[in-house]
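Novice: Chain residues, written in single-letter form:
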Amino acid sequence: MKAKHTKYLPLLPVSCAYFILFLIGKNVAGMWQLMAMLAFYCALGQAFNIFIGMTGYVDFGYVAFLGVGTYGMALSVSRLAGFPNLGLGVVVIGLILSFVMAGALSVAVGAVALRLRGAYFAIATVGVNEGFRYLIEGARIWGGAEGIIFSGQLTETLGRDTASSLSTFWADVMVMIVAVIAAVITVGYMRGRVGYALTALREDEDAAKVMGINVTKYKIIAFITSASLAGLLGACAWALKVMYVFPPEAFQIQYTIEAIIIVVLGGAGTLLGPVVGGLIYGLSKYWLAVVMPGFQLLIFAPIVIFIVVAFPEGVVGWVKRRAKGTAIQSYLL
Amino acid sequence: MALLQLENVTKRFGGLVAVNDVSLEVEDGESIAIVGSNGSGKTTLFNVISGVYLADEGRVVFKGKDITTLPPHTRAPLGIGRTFQIPRPFSSASVRENVAVGAMFGTLSGAISVDESLEVADRYIHLVGLTPHTDKEAGSLTPVEKKLMEIARSLAMRPKLLLMDEALAGMHPRDIDEMVAFLKRIKAEEGIAIIAMVEHIMRAVVGFAERVMVMHQGQKLVDAPTAEALRDPRVVEIYLGRPAEDETHARG
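Quick note, the sequences are listed as chains Y and D, same order. This note's numbering puts the first sequence at residues 131 to 463. This note's numbering puts the second sequence at residues 470 to 721.
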C-alpha cells in the first residue's frame, strides 16, 4: 500500500523541470523566450494529456479551447478597459472568463461528441475547431475576421511598464503556474477514483461499463478539465503575450498536432511524459530551425517515427517500466 | 420472489433473432448451467441481462425492479457481475488495480474509497489464489490467470448474480475440476447465484449446476434440474450426438 505522504512525490520532478526552465530563463541572458516556449509546449502537453492520455481518445479540435481562452482574455481587457480602478482586475477577470468559456465550450462539444467511440469521436472533433473559427469570422462576433487588438487598452489600464512586464515576463510565469496546477490535478485524478475509471475505460470501455463505471461521466470530467486548462493557457501564452487575437492564429490546427506529438513522445497517460515530450519537441524544433532552417519538419518526422517505434509507450512510459521496483519508481507516475 | 426474471425476452440483430422469446427465473443462490452450440444466443442473453444490449421485447426484472432499459453501469451496482468469454482485463493496470475497480464502482454504496477498494481487492485476489501476481500487469497473466482475475474482479463487486461467459473454455481438465470446486465454494460462502455457460464439458455441468438450461437457435429448449435435463432426448441429440444406428441408417 502506498503511504499517503508519497502520493504527491511524482510532482517533484515536474515542478523541478519548470523551476529550472524559470531559473535558466531568468539568469542567462537571451534565454527567456526559448524557456518560455519550452514551458508552453510542456504545459500544453500536460493539459492535453489529462484528456488524451487518460482516456485514450484523440481530440483534433483541442486548439479551439486555447482559441476560446485567448478570446476570453481579449474580451475582458478590451471591454472592461473603460471601467475605472479595475487595474489588474481585468487580467483576473480575463483568466476567469477564459477558464469558464473554454469549459463551457467543452461541455457543449463533449455532451454530443463523447457519446461517440474512439475514431468517430476524433472525426467529430475535427470540425469543432474550424467551425468555431468560421462562426466568429462569418457571424462577425468578437471582432469577426479582424480579431481584437487590445494592446492599447491594456497599456491604458495598467500603465506602460506593468503592461509590458505582463506580456514579456508574467504571462510566461503564469503558463508555468498553470502547468504545475495541471500536474497537481493529474496526480489527484490518477491516484483517485477518476483515474481508476479512466484507466478502465481506456483499456476496455465495454468491460468498464459492466463493472459499474459511468464512462460518459468520467470522459466528460477529463474533457472539461483538460479544456479549461487549455483556456487558461490560451489566455496567458497567446492573449497576454501578443496583446491581440486573430481567428486564423487562435484556431490553428497545427497546435493540436503538436500537442498530440508531445504527449505521445513523452508517454501518454503518464504525469512526467508531457514535460519530457515538450522539452524534446520544443528543443528539437528550435535547434533544427537554427541549424537547418526550412528543413525542420523533414528532419523531425523521422525522429518522431523513430521514437514512436522504439518507445511505443513514450519515453517516460519506457523509463517507468524499467524503474519498476527501484527507488525512482515513487517519483514517476 | 425470484432474483432474476426474464419475461419473453427477444433480441434481434437486423433479420437475425439472436434471442427468441426466452423466459427464465433464477432464485437467490442458485447455480445454473447454460449450454448450447455457438450462435445459440447464450452470449446475447448474457448481454441482455448485463445491459450491454437492450432487449427488443420482453422484460428483465432484477430483485423486483424492472431493469429492461437501464444502462449497464447502473445495473452492475444492483448486483449483476459478469465475466467475458475472452477475458477482458484492463491490461496496463495491475491485477490489484483491476480488482479494485470492481470494488470501487460495482457496489451500491458507491462511497468506498480507493484505499478500501485496494484492501477489498487483496481479499478477493487471495480467494482466487492470485496473491503472488498482485502487482503484475494484468495483460501479462496467462489466460487461466486472467480468467481467475476476472472472477475476482466481479466478486469484488459483491454481486447477487454472477454471469460467467464460457467459464471453462480452453481449460485443462485438472483446472476445470479445481474451478468447479472453487465456484461451489464461493457460491456457498458469498451466497450468490451463478449462471455459467459451460459448453460441452459435461463433468463440469454435473459437478456444478443444479439446473441446466439448453439454448438452441435463440430459444430455450430445455430448462430442468441437471439430471433430468441430461436425460432429455433432445439434449442428447444436440449435444452428445445422434445415436449410432441413425448414422448407420443415414449412411446406408
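If you are wondering where the hints come from, they were derived from the structure by calculation, not from laboratory data. Every residue, glycine too, gets a C-beta built ideally from N, C-alpha and C. It is possible that some hints are incorrect.
Reference excerpt, derived from the structure (chain Y facing chain D, CB under 7 Å, subset only) [unchecked claim]:
hint, residue
1, Gly322
2, Tyr326
3, Thr329
4, Ala330
5, Asp334
6, Glu335
7, Gly342
8, Ile343
9, Asn344
10, Ile458
Dumping the calculated PhoX-like pairs for lysine-lysine here, alpha-carbon to alpha-carbon at most 20 Å [as the list claims (entries may be wrong)]:
hint, chain 1, residue 1, chain 2, residue 2
11, Y, Lys371, Y, Lys156
12, Y, Lys415, Y, Lys137
13, D, Lys605, Y, Lys450
14, D, Lys534, D, Lys656
15, Y, Lys137, Y, Lys454
16, D, Lys653, Y, Lys454
Between beta-carbon pairs, the in silico distance windows are [stated by the list, open to error]:
hint, chain 1, residue 1, chain 2, residue 2, range
17, Y, Gly248, D, Ser582, 29 to 35 Å
18, D, Thr600, Y, Ser460, 21 to 27 Å
19, D, Gly608, Y, Gly248, 18 to 24 Å
20, Y, Leu153, D, Ser560, 53 to 59 Å
21, Y, Arg245, D, Ser560, 21 to 27 Å
22, Y, Val256, D, Gly660, 48 to 54 Å
23, Y, Tyr264, D, Pro601, 56 to 62 Å
Novice: Now tell me, hint by hint, if it's right for this structure.
Specialist: Consistency of the hints with the structure:
1. About 6 Å separates the beta-carbon of glycine 322 of chain Y from the nearest beta-carbon of chain D, less than 7 Å, and the hint is met.
2. Interface hint at tyrosine 326 of chain Y: satisfied, since its Cβ lies 5 Å from the closest Cβ of chain D, which is below the 7 Å cut-off.
3. A hinted interface residue such as threonine 329 of chain Y counts as satisfied when its beta carbon comes closer than 7 Å to some beta carbon of chain D; here the least separation is about 5 Å, so the hint holds.
4. Annotation: interface hint on alanine 330 of chain Y holds; nearest CB of chain D at approximately 5 Å, less than 7 Å.
5. Interface hint status for aspartate 334 of chain Y: upheld, as the beta-carbon distance to the closest one in chain D is roughly 5 Å, under 7 Å.
6. About 10 Å separates the beta-carbon of glutamate 335 of chain Y from the nearest beta-carbon of chain D, more than 7 Å, and the hint is not met.
7. Given hint, glycine 342 of chain Y at the interface with chain D, holds; its Cβ is 3 Å from that chain's nearest Cβ, closer than 7 Å.
8. The criterion of a C-beta within 7 Å of any C-beta in chain D is met by isoleucine 343 of chain Y, whose closest approach is roughly 5 Å, and the hint holds.
9. Hint on asparagine 344 of chain Y holds. Least Cβ distance to chain D is approximately 5 Å, under the 7 Å limit.
10. For isoleucine 458 of chain Y, the shortest C-beta to C-beta distance to chain D is roughly 16 Å, which exceeds 7 Å, and the interface hint is violated.
11. For the hint linking lysine 371 of chain Y to lysine 156 of chain Y, the alpha-carbon distance of about 17 Å falls within 20 Å, and the restraint holds.
12. A C-alpha spacing of about 34 Å is found between lysine 415 of chain Y and lysine 137 of chain Y, which places the hinted pair above 20 Å, so the restraint is violated.
13. Annotation: proposed proximity of lysine 605 of chain D to lysine 450 of chain Y holds, straight-line Cα distance about 14 Å (limit 20 Å).
14. Simply put, lysine 534 of chain D and lysine 656 of chain D have alpha-carbon atoms about 23 Å apart, too far for the 20 Å limit, and the pair is violated.
15. Between lysine 137 of chain Y and lysine 454 of chain Y the CA atoms are separated by roughly 16 Å; this keeps the pair inside 20 Å, and the hint holds.
16. Between the alpha carbons of lysine 653 of chain D and lysine 454 of chain Y the distance comes to roughly 38 Å, so the proposed pair goes past 20 Å and is violated.
17. Range check, glycine 248 of chain Y to serine 582 of chain D: Cβ separation about 31 Å, and the 29 to 35 Å hint holds.
18. For threonine 600 of chain D paired with serine 460 of chain Y, a C-beta distance near 23 Å keeps the hint of 21 to 27 Å intact.
19. About 19 Å separates the C-beta atoms of glycine 608 of chain D and glycine 248 of chain Y, a value consistent with the hinted range of 18 to 24 Å.
20. For leucine 153 of chain Y and serine 560 of chain D, the hinted distance range of 53 to 59 Å is not satisfied, since their beta carbons lie about 40 Å from each other.
21. A beta carbon spacing of about 25 Å between arginine 245 of chain Y and serine 560 of chain D agrees with the range 21 to 27 Å that was offered as a hint.
22. Between valine 256 of chain Y and glycine 660 of chain D the beta carbons are some 52 Å apart, a value that agrees with the proposed interval 48 to 54 Å.
23. For tyrosine 264 of chain Y and proline 601 of chain D, the hinted distance range of 56 to 62 Å is satisfied, since their beta carbons lie about 59 Å from each other.
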